[in-house]
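Participant: In case you want the letters, here they are:
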Amino acid sequence: MSQLISLKGVSKKFILRHHKVSRLKEQIIDFLRGTRYISEEFWALKDITFTVDRGETVGIIGENGSGKSTLLQLLAGILVPDQGKLEVKGKVAPLIELGAGFNPELTGRENIYLNGSILGFKRKEIHHKLKDIIAFSGLQRFIDQPVKNYSSGMYMRLAFSISIHVDPDILLVDEILAVGDLPFQQECFKRIQDFKNKGKTIILVSHDLNTLSTFCDRTLLLHKGELIAQGNTREVIARYVEILGKPDNSEGVKQSISLPGSGEIQRDGPSPQEGKRWGSGEIEITRVTFLDKERKETCQFKTHDPFIARIHYVAHQRIKKPVFGLALISEKDNIQINGPNTRFDNRVIEYLEDRGYVEYIIDRLPLLPGDYWLLVSVWDYECQQVFDAQDRMHKFKVIPGGTPERYGLISIPARWEYYGDQDSEARNRNPLNPES
Amino acid sequence: MEIDKLQRKIYPGTVKSFLTRIRKIFTYQELILNLIIRDLKVKYKGSILGVFWSLLNPLLLLLVYSIAFKYVIRIEVENFPLFFMAGFLPWTFLTLSLSTSVNVMVDHRHLIKKIYFPREILPVSLVLFNLVQFLLTFLVLFVALRLFKIPWGFSLVYLPLIIGLQTFFITGITLVLSSLSVYFRDIKHLIEVFLQMWFWLTPIAYPFNLVPDKVKFLFKFNPMTLFVIAYREILLEARSPDIVLIGQLFLWSLGVLLSGYWFFSKHEVRIAENI
Ligand SMILES: Nc1ncnc2c1ncn2[C@@H]1O[C@H](COP(=O)(O)OP(=O)(O)O)[C@@H](O)[C@H]1O
Ligand SMILES: [Mg+2]
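If you read the sequences in order, they're chains R and Z. Under this note's numbering, the first sequence has 268 at position 277, and the numbering climbs by one with no breaks. Each number in this note's numbering corresponds to the 1-based position in the second sequence with 60 added.
Calculated directly from the structure, the hints in this document are not laboratory data. Among the hints, a few may not be true.
[As the list claims (entries may be wrong)] Across the chosen pairs, the derived CB separations fall in these ranges:
hint : chain 1 : residue 1 : chain 2 : residue 2 : range
1    : R       : A229      : Z       : V102      : 44 to 54 Å
2    : Z       : K103      : R       : R309      : 13 to 23 Å
3    : R       : D336      : Z       : V253      : 30 to 40 Å
4    : R       : E226      : Z       : K326      : 36 to 46 Å
5    : Z       : I135      : R       : Y372      : 21 to 31 Å
6    : Z       : F310      : R       : K113      : 26 to 36 Å
7    : Z       : L109      : R       : I328      : 51 to 61 Å
8    : Z       : K280      : R       : E350      : 48 to 58 Å
9    : R       : K113      : Z       : V203      : 28 to 38 Å
10   : R       : Q131      : Z       : E297      : 35 to 45 Å
11   : Z       : L120      : R       : P137      : 44 to 54 Å
12   : R       : Q131      : Z       : P220      : 23 to 33 Å
13   : R       : R209      : Z       : K326      : 36 to 46 Å
All figures in this text were calculated on a predicted structure; none of them were measured in a lab. Backbone N, C-alpha and C fix where the C-beta goes; we use that ideal spot for every residue, glycine too.
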């Protein structure tokens, strides 16, 4: 069988700048002052080696931020490796992923033309295919409306339809199955199956282990940018579950939250699904990091330490007044400890564009030693639509040493007062207001 | 398909030969055409009204400057409206291209992040879109030349050459600006200020011979001055630009285009990850 994709020792680094978007003005000022601009390198993929043959369907799994999307972008030629050798033969379809991909201002039809011409089709050829593409997408009535009015399901239908009709050799699919209703998901599966039956090559990124076992001949496991396992899908999934350090409960019930952060986790009934992600994808939470008082990344805190959860996002379009929410959940007994959001705190974010992050800052972390999950989500202002929600995909640890307290879940900032009988003066003192 | 072969080979960001790059752009002519048509559609959606609006701005400016020159500054320039337009229309070609080039990458983020295509397609099609608009306004100028009974001469054969050189010149600058804009989003404010200054340092609203003799040579370092002089000689005086002027324009245009391409090719591989 012929080899379509081959990677040898491929690495990719990103330069992280500490301001979201650097301002020329600031850079000039920094330069005049002689301060070096702070930027750090981050290797999102390290020394990746694998090959894919024609007709194979290969899955990619890994925790959030492990480099799955970066790998797909390398395969698509969107990004270029910093080290190693990458060879892709054959035509690659436009990346199918949430949110990105179409110009929201243009109509569906115009987007078809634009996408087609990027793939090198002549106007005439696109014209020929247009009818099929529209018919396949089932969007006849909406095709002359701007894409920004589409629901995420309609959006995906169009994306799939274009990708399949340009007759590519390789289809790259990034976590689209996390959203949408059941009929939509089934439709996606059907499309992928069709594609597979035609003997095309598919690279499929998914969090859904069932999907992977159904479709993939082979699966790659990424962990912190490294390819730590590849081969038989069942075995790789087992390894992945082992890494997550928890049993595979993908059979569980999904959907557990109603309001950002503050929502109730259903405690009776089947346990909500760990590691589950859903949302419409206009804003994506790309990474969550925990920072200590020096703002260094860490996953371990002591009780009463400062604690910062930094939520990195990318907004694929301009979104007005989004609301970020989160919840702290104790791992041991799945108790939700709190559920704050930016709206409760009167933090109105006028709009989001591009990349950036929000921080949730606790000056003195009240949690007692143990493992904790962080649930993060981002919603529209009315909390009607969830853009991205990640249920228990991020974890941190509180280690002993901050407080001798050890019963319960939290250490509430408080103090004890002692009143002996003989001290009549103290007895009359109001403990909550010692001055009076 | 030919694109597949080109797709990955040229990517490494080394300075490939200029000709390879040009060839690569030609394979994507359909995309360029689509981008231009789309921009034209958006701009002239209300058809007649759209055309009207795009002409209104230069006409209003023309009115203001005519009054200023006649009654305030009191310089008599023969056929001032034509004199002004012959400099102002090429200038508008430049300013529109430059000031929009700083948005072109960000505006097409959805395409850049979705699939590979040579990134210079975006600035190039933006310049070509502005070229089309420029040519449309030039048609109006030709009508005006008729009305004012300015004779057309043999010199008109130089016009396509000058327009072509100016297009190269502008393309070179937009390549630099569009790649810089990925890293420095506030470059657009800087450009606005810069263009304002450049406008007044170019003899567009005033004749070149009003420039004091002592600094005339300095003005000639400004390529836009040279372009404006050439346009005026061709259109208003039915005179062919002399060989020295054409030589200078050649050097400027190709120099700026090549350095622009060199700069762009150094930065293009990192565009996708930074927008
Ligand atoms: N353009 C970028 N600039 C800087 N960092 C990035 C960029 N794209 C991705 N990253 C970082 O690289 C890591 C891997 O990201 P990604 O490939 O999206 O992970 P995954 O898809 O597995 O969740 C993350 O930590 C992410 O924040
Ligand atoms: Mg991803």
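Participant: Hint by hint, say whether it matches the structure.
Facilitator: Hints and how they fare:
Taken as a hint, the range 44 to 54 Å holds for the pair A229 of chain R and V102 of chain Z, whose Cβ atoms sit roughly 53 Å apart. For K103 of chain Z and R309 of chain R, the Cβ-Cβ distance of about 21 Å falls inside the hinted range of 13 to 23 Å, so the restraint holds. Between D336 of chain R and V253 of chain Z the beta carbon distance is about 39 Å. The supplied range of 30 to 40 Å therefore holds. Take E226 of chain R and K326 of chain Z: their Cβ atoms lie about 44 Å apart, and the range 36 to 46 Å holds.
Taking 21 to 31 Å as the suggested C-beta distance range, the pair I135 of chain Z and Y372 of chain R does not conform, at roughly 58 Å. Evaluation of the 26 to 36 Å hint for F310 of chain Z and K113 of chain R yields a pass: the beta carbon distance comes to about 35 Å. Separated by about 60 Å at the C-beta atoms, L109 of chain Z and I328 of chain R satisfy the suggested range of 51 to 61 Å. Remark: the range hint 48 to 58 Å for K280 of chain Z to E350 of chain R is upheld by a beta-carbon distance near 55 Å.
Against the hinted window of 28 to 38 Å, the Cβ-Cβ separation of K113 of chain R and V203 of chain Z comes to about 36 Å, which satisfies the hint. For the pair Q131 of chain R and E297 of chain Z, the beta carbons lie near 59 Å from each other, so the given range of 35 to 45 Å is not met. At about 32 Å, the beta-carbon gap between L120 of chain Z and P137 of chain R misses the expected band of 44 to 54 Å. Taking 23 to 33 Å as the suggested C-beta distance range, the pair Q131 of chain R and P220 of chain Z does not conform, at roughly 46 Å.
Between R209 of chain R and K326 of chain Z the Cβ separation comes to about 38 Å, which falls inside the hinted range of 36 to 46 Å.
In the structure shown, a violation is registered for the earlier hints numbered 5, 10, 11, 12, in ascending order.
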